[in-house]
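Since the structure of chain A is already known, use the hints to place chain B on it.
Number of protein chains: 2
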Amino acid sequence: MGIVVQKFGGTSVGSPERIHHVADLIINEYKRGSKVVAVVSAMGHTTDELVHLANCVSEVKYKREMDMLLSTGEQVSIALLTMALKSKGMDAISLTGWQAGIETESFHGNARIENIRTDRMKSYLDEGKVLVVAGFQGMSAEGEITTLGRGGSDTTAVAIAAALEADVCDIYTDVQGVYTTDPRVVSTASKLDFVSYEEMLEFANLGAGVIHPRAVEFAKNYHVKVSVRSSMESVPGTVIGEEEVVENQSVVKGIAFEEDVTKVTVKGLPITVDGLSVVFSSLANKGVNVDIIIQHIVQEKMNISFSIKTEDLQDTLVTLEDEKHQLQFDSVQYEKDLCKVSIVGSGMVSNPGVAALMFNILAEEGILVKMVSTSEIKVSTVITQESMKKAVCAIHDGFRLEAKAKDSVETM
Amino acid sequence: MGIVVQKFGGTSVGSPERIHHVADLIINEYKRGSKVVAVVSAMGHTTDELVHLANCVSEVKYKREMDMLLSTGEQVSIALLTMALKSKGMDAISLTGWQAGIETESFHGNARIENIRTDRMKSYLDEGKVLVVAGFQGMSAEGEITTLGRGGSDTTAVAIAAALEADVCDIYTDVQGVYTTDPRVVSTASKLDFVSYEEMLEFANLGAGVIHPRAVEFAKNYHVKVSVRSSMESVPGTVIGEEEVVENQSVVKGIAFEEDVTKVTVKGLPITVDGLSVVFSSLANKGVNVDIIIQHIVQEKMNISFSIKTEDLQDTLVTLEDEKHQLQFDSVQYEKDLCKVSIVGSGMVSNPGVAALMFNILAEEGILVKMVSTSEIKVSTVITQESMKKAVCAIHDGFRLEAKAKDSVETM
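Chains A and B supply the protein sequences, listed in that same order. So for the first sequence, the numbering used here puts the first residue at 1; every next one is plus one. So for the second sequence, the numbering used here puts the first residue at 1; every next one is plus one.
One or more of the hints may lead you astray.
Heads up, the list lumps identical chains together, so a pair's fine if it works in one copy or across two of them.
Cross-link-like lysine-lysine pairs, in silico, DSS-like; alpha carbons within 27 Å at most [unchecked claim]: (1) Lys63 with Lys122; (2) Lys389 with Lys309; (3) Lys267 with Lys301.
The set of hints was computed from the structure by calculation and includes no laboratory data.
Isolated chain A, as found in the complex:
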């Protein structure tokens, strides 16, 4: 009898009615013959409310005490979901992170899972119980309650699936799976049946948002089969797994995009060994995430362009100004109201001309590419915000993503 790990986010357990719906999904899986471990987040806005309380008490965020505070959110969810299961006649038991044996680093606010002691979970599963485990939290070697940071519940679910050698880790969300692109932008966007871990990492990092990249990374490292599916509609979702070598595989799987991008250019840097290092270390220390970086040399001087989230622009400008004396650059320019559009697909690596086709499509639409970045499985372009929708639709059409998806639905 196989083990299935099911993860339910805060929206899925946001009210007593939704908790009962989740209980039904768990019972359905149990009745199909699986041993079930459900991993849940805090209810709806609970975390926000707890953070608000903390803000009222102290301006400073004390990380250990924030973990102590926030970890109560999932503890409430597991208790309520277990009550719902038991009220429906299911033998179930709730477990906090420390009770489930989730051992983490001794680091508060953003700890990584180091080990999972599975003995307690296994003995309950052997008794035929459904387990309801608090996501997002664990315990350090010193007996401290820790939290895993953003996407923590996804990571808990995948890590438990790895430790228990589960058949699959089902991530329940409010969408049906991973799409070729955002259906709100491209009406013909269609659900993918399968994406590889690497493709999903690109989708996740680029803002597809159905599963946290840390969890995908974990799944990749431990070969956990993940399925992203809807908690509202009973339809197959998108499986995330090892890339299989298949002929006629589609080259481009989908299109990811990200709004509110700003391109910053530092002009006229002297050419030194540590110039790049100083610039990007300073920005990293300020918490600014730099995405695409381009360096070019003009007349014995160096220009550096990079893209950031527009919300980080102020920090970026201040940081550069602080370092101006050391860096000795001429000027800083920036361009706001940009966006990033990327095509993703494992097949790209063996298919030359994919990037060229993308540039052709954009050129035909009269869209100027401001920056380009490529990896083995993606091509990213920075363009103006206002041309984003046109670009995404044109690329979606150009790579025939809607047609491919329809084929796969027919053969399902």
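Using the frame of chain A, we list chain B on its own:
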């Protein structure tokens, strides 16, 4: 350097402002040179809100999951109070019940503390930290989160004081201490400087309500000095401790009373060995708390009268009806709208005539005594509800309780 345990109830930590006030009280104690352990309850109405959520999810109360749910309430409080302390520059750390080493029975909803492993608390105290411990909760030997039931936070505080051999356990409340009687009923009621454990047990059980009887019992067994005091006004409270042999000690310490009492009389029972046993076992199984019991024999038949809380009347009548066939009694009568008024004092045991004086006072007021019960340190009477205030005032005057209290204030 002595250890002081301070307990703050739900009202005291009911808002961010109150939490900061509690933090100030803790810091004041620390500055006086004490090592401080603060024990806190869940904020204000948190427990009620969690119970409401549980009710929405399941009609049945699953005790293990209720403990999982309710124990989050104190966890929120300890995190917030610790943040407040740290924001004021105090080195503090929060501890859940299991982190503080509170080991309980393997029983949910109403577990008793079996042991406290003090090593973790002691090592933090040695580092100069203020400890903020979650009241009301502990962990069983199986690693389950348990709760201690009503008055649990008082019990946690006293148990920690016993385990750490603290100088005193301060119970902070919204009154200044233990009074000769309820000041809302008798305007001349005054605060007592000292009551013995035994006296306090009678006061607590009879409804004085400032500290839970279980905690007093614990303090008595482990010789913990307890002080009940106001969290709002900085005045000495009431010390609860070992009775000291003092001449001229006041015979009666105070007057406790309880409203909504009903007297039930079962008439015409055959005289059998197990009649009493059957009646009161059945009632106990229904959760009916019987207080005063009087048995008398009339013409080869037995009558039993007992007092209960009026809210238990329906259960009592149904239970008796169910047992009628076995018990073979003639009829059941009851009298509602009664109350119980008791005088309490350790000196009573060596002072004959105390009960007589009480009856005289009631007789002079024209108040009929319906039931009487006595112990070494108290005399309880059941009278009509409408005469309660008159009775309490008259007894308070008759035993000169207001005068005695004024003397003790002068000598303070």
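Problem set entry | Violations among the numbered hints | Those not satisfied: there are none.
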